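The residues making up each chain are set out below.
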Amino acid sequence: MLFRDAFKTSTRSLTHGKMRSILTMLGIVIGIASVIILMSIGQSAQDIILGQVQSIGSNLIIIIPGAPSNGRFSSPASAQGIVITSLQQRDVDALEREPSVSLAVPEVRGQADAVYGNNNVTVGFTGSTADFFTVSNLAKVSEGQTFTKSDVDSGNHVAVIGPDLAKTLFGPNINPIDKTVHLKGVSFRIIGVLGKGGTGAFGVDIGNLVVIPLSVAQKQLLGITYFNVIVAQANPSYDINFVKSRMTFVLRQDHGITDPNKDDFNIQTQADILSILGSITSILTLFLASIASISLIVGGIGIMNIMLVSVTERTREIGLRKAVGATDKDILQQFLIESVLLTFAGGVIGIALGAGVVGLAYFVLSTFFSIGWVFAFPISSVILGLVVSGVAGIAFGIYPARKAGKKNPIDALRYE
Amino acid sequence: MIEVNDLKKEYLEEETPTKALRGVTFSIDKGEFVSIMGPSGSGKSTLLHILSFLDRPTGGSYKFQGKSIDDMTDKELAHVRNKDMGFVFQSFNLLSRLTVYDNVEIPLIYSDIPPKKRSTLVEEAVRSVGLEEKLYTEAGKLSGGQKQRVAIARALVTDPNVIFADEPTGNLDSQSGLQVMEILESLHHKGRTVVLVTHETQTAEFANRIIKIKDGMVESDKLITANHLRSGNLK
Numbered sequence: 001m002l003f004r005d006a007f008k009t010s011t012r013s014l015t016h017g018k019m020r021s022i023l024t025m026l027g028i029v030i031g032i033a034s035v036i037i038l039m040s041i042g043q044s045a046q047d048i049i050l051g052q053v054q055s056i057g058s059n060l061i062i063i064i065p066g067a068p069s070n071g072r073f074s075s076p077a078s079a080q081g082i083v084i085t086s087l088q089q090r091d092v093d094a095l096e097r098e099p100s101v102s103l104a105v106p107e108v109r110g111q112a113d114a115v116y117g118n119n120n121v122t123v124g125f126t127g128s129t130a131d132f133f134t135v136s137n138l139a140k141v142s143e144g145q146t147f148t149k150s151d152v153d154s155g156n157h158v159a160v161i162g163p164d165l166a167k168t169l170f171g172p173n174i175n176p177i178d179k180t181v182h183l184k185g186v187s188f189r190i191i192g193v194l195g196k197g198g199t200g201a202f203g204v205d206i207g208n209l210v211v212i213p214l215s216v217a218q219k220q221l222l223g224i225t226y227f228n229v230i231v232a233q234a235n236p237s238y239d240i241n242f243v244k245s246r247m248t249f250v251l252r253q254d255h256g257i258t259d260p261n262k263d264d265f266n267i268q269t270q271a272d273i274l275s276i277l278g279s280i281t282s283i284l285t286l287f288l289a290s291i292a293s294i295s296l297i298v299g300g301i302g303i304m305n306i307m308l309v310s311v312t313e314r315t316r317e318i319g320l321r322k323a324v325g326a327t328d329k330d331i332l333q334q335f336l337i338e339s340v341l342l343t344f345a346g347g348v349i350g351i352a353l354g355a356g357v358v359g360l361a362y363f364v365l366s367t368f369f370s371i372g373w374v375f376a377f378p379i380s381s382v383i384l385g386l387v388v389s390g391v392a393g394i395a396f397g398i399y400p401a402r403k404a405g406k407k408n409p410i411d412a413l414r415y416e
Numbered sequence: 001m002i003e004v005n006d007l008k009k010e011y012l013e014e015e016t017p018t019k020a021l022r023g024v025t026f027s028i029d030k031g032e033f034v035s036i037m038g039p040s041g042s043g044k045s046t047l048l049h050i051l052s053f054l055d056r057p058t059g060g061s062y063k064f065q066g067k068s069i070d071d072m073t074d075k076e077l078a079h080v081r082n083k084d085m086g087f088v089f090q091s092f093n094l095l096s097r098l099t100v101y102d103n104v105e106i107p108l109i110y111s112d113i114p115p116k117k118r119s120t121l122v123e124e125a126v127r128s129v130g131l132e133e134k135l136y137t138e139a140g141k142l143s144g145g146q147k148q149r150v151a152i153a154r155a156l157v158t159d160p161n162v163i164f165a166d167e168p169t170g171n172l173d174s175q176s177g178l179q180v181m182e183i184l185e186s187l188h189h190k191g192r193t194v195v196l197v198t199h200e201t202q203t204a205e206f207a208n209r210i211i212k213i214k215d216g217m218v219e220s221d222k223l224i225t226a227n228h229l230r231s232g233n234l235k
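Listed in order, the protein sequences are those of chains A and B.
If you use this note's numbering, the first sequence corresponds to residues 1 to 416, in order.
If you use this note's numbering, the second sequence corresponds to residues 1 to 235, in order.
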């Protein structure tokens, strides 16, 4: 039997019972649409997170205190609240002497209540040098100015604040420039407001951030001499991985480390961070798709059930076809094609439905709720949807098809 | 063409062995028109099923065109059924939602005949039973007699050597039954072997030989030389 004939016979059988075919497909349609929607959500989340990392700045290398974590997804010691004092000013000086490093910007971070008049907001603050505003793409002022090297050296009490904090503390009618806010009882004159709000990389709330000179933050707010992080900008003439290895060499030398396994710092390029985050979000996407695939299995069982009913109903037809020369394989092929056609058509409709829902959700979120959601419709989900629906057709259709193929022609012809 | 020797068929009915055929022996030559007659439960349908390769015997031997059924796989049996045998059933066994054309084409899709040649063969077969104007009518909308003629066209379409007909007039009125028997008779005259199973004497008398089966054995095997009686019987 030619495949063409088997295909024609199968399509004819399916179109004769249109309503049944549509209802049978519904399970697969919903299953595939769920997979598509959840994969799209996962991909959107991934795009947003990775976009945030990329938006910090280009050619950035981040140095975190503490030994590199052993596990791929375990967080560094410093992130677990363990105080590590290994990053010092001498490291910044050493890195700045390295020709492959353009800038080395130390940062300290803390949390405090920002107070203006009767307004009180808990915010995160960052103490850094004037170069903070050079390396970070997110930290660009829209009003006023940034603080200078001389402000940092002199320990001037000046601050640049995020736009959301400016709105919360001062409202829409008061210009925050030259106003004074208090952090932990220390007063700061606001000299600039950052342009962009929202959440930056690593969950830093840029909109509510307060950036103050490093020296003031270290001595007067935190009482420390070490840094929480050093952000370095690679010299664009050098390969980023080369710069990373040079920085590792410089810091090991500076810290007197001879055994590479005993590093007390952790250097990560943006590519490293992107890779880790990419892996995490990929797992998230896979997890979501796995949940959705449960509905696909339910849909597949529905297909199997209907195909079994169909085989029983068409027993005499099977008997006739066998009597006039169909082999077991011919009958199996016909029913298997029917089942694959059902699931495949269900898959195509499911993909279209999923795309429609994702597009509609994006439109509603961005138009009516002003949520910066990323429209992601990964081609991999389309391919996966098509492959899975085809495989489901075979997996759930093989048993009924084999049952049909094995029917004895005489028994089948006598079936009432 | 057909040679059966001590053919036996035993079924298990609720774990009790039932002997449907108890040793049947005869042969049918090419071009013969043979009626197998017998009362209900005599084993005539079982015999036809074995002769037409729809079932296998449990004892004895059966050679079709010189080849033993025992030496053939199920796939080979299917191939012979398609190429060398045509079937006409009492209940027509047409797919009612398909057209006459599609029903007649069914055996061809399991054959080696290329798709391009099929339409000519289908049209010729349908024309030979006088239903060319119904070619694209749904089979379910035809009368009983027309349905059986479509079934005969389907049996003819692969140009088989032998046609097996199982009570072909059983569900028809006498006029339609006569038409069907006349078609089978004309096929016999054109040189085809026809094996007919019936319990009606007047239908059986269209053949030139009648094998009577009783209790799973051949009761009589007679040639009919003058068949003048039959024209009146069905009319």
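For the record, the hints were derived by calculation from the structure and aren't laboratory data.
Keep in mind that this is a model prediction, so the values were computed, not measured.
There's no promise every hint is true.
[Claimed, not checked] Each computed DSS-like pair below joins lysine-lysine, with the alpha-carbon atoms no more than 30 Å apart:
(1) B:Lys214 / A:Lys329
(2) B:Lys30 / B:Lys214
(3) B:Lys134 / B:Lys212
(4) B:Lys8 / B:Lys117
(5) B:Lys67 / A:Lys329
(6) B:Lys141 / A:Lys18
(7) B:Lys83 / B:Lys67
(8) B:Lys63 / A:Lys406
(9) B:Lys19 / B:Lys67
(10) B:Lys8 / A:Lys403
(11) A:Lys407 / B:Lys141
*Quickly compare the C-alpha distance for Lys134 (chain B) and Lys212 (chain B) to 30 Å and report which way the hint goes.*
37 Å, violated
*Going straight from one Cα to the other, do Lys407 (chain A) and Lys141 (chain B) come out at no more than 30 Å?*
Since the Cα atoms of Lys407 (chain A) and Lys141 (chain B) sit roughly 29 Å apart, the hinted pair holds (cutoff 30 Å).
*Take a quick look at whether Lys83 (chain B) and Lys67 (chain B) sit within 30 Å of each other, Cα to Cα.*
Roughly 15 Å between the alpha carbons, so the hint for Lys83 (chain B) and Lys67 (chain B) holds.
*asked:* Please verify whether Lys67 (chain B) and Lys329 (chain A) have alpha carbons no more than 30 Å apart.
replied: With Cα atoms ~24 Å apart, Lys67 (chain B) and Lys329 (chain A) stay inside 30 Å; holds.
*Keeping to a limit of 30 Å between CA atoms, is the pair of Lys214 (chain B) and Lys329 (chain A) held or broken?*
This hinted pair is violated, its Cα atoms lying about 38 Å apart.
*asked:* Does Lys18 (chain A) sit within 30 Å of Lys141 (chain B), going by the straight-line distance between their CA atoms?
replied: Answer holds: Lys141 (chain B) to Lys18 (chain A) is near 21 Å, not above 30 Å.
_Hint consistency between Lys19 (chain B) and Lys67 (chain B) [alpha-carbon to alpha-carbon, up to 30 Å]_ = Holds, at about 25 Å.
*Below or equal to 30 Å on CA atoms is what counts here, so check Lys8 (chain B) against Lys403 (chain A).*
28 Å, holds
*Between Lys30 (chain B) and Lys214 (chain B), is the straight-line Cα distance small enough, at 30 Å or below?*
Judged against 30 Å, a Cα distance of about 25 Å means the pair holds.
*Assess, step by step, whether the Cα of Lys63 (chain B) is no farther than 30 Å from the Cα of Lys406 (chain A), and give holds or violated.*
25 Å, holds
*Restraint status (C-alpha distance of Lys8 (chain B) to Lys117 (chain B) at most 30 Å)*: Measuring from Cα to Cα gives roughly 41 Å; hence the hint is violated.
When the structure is compared with the earlier hints, violations turn up for hints 1, 3, 4 and for no others.
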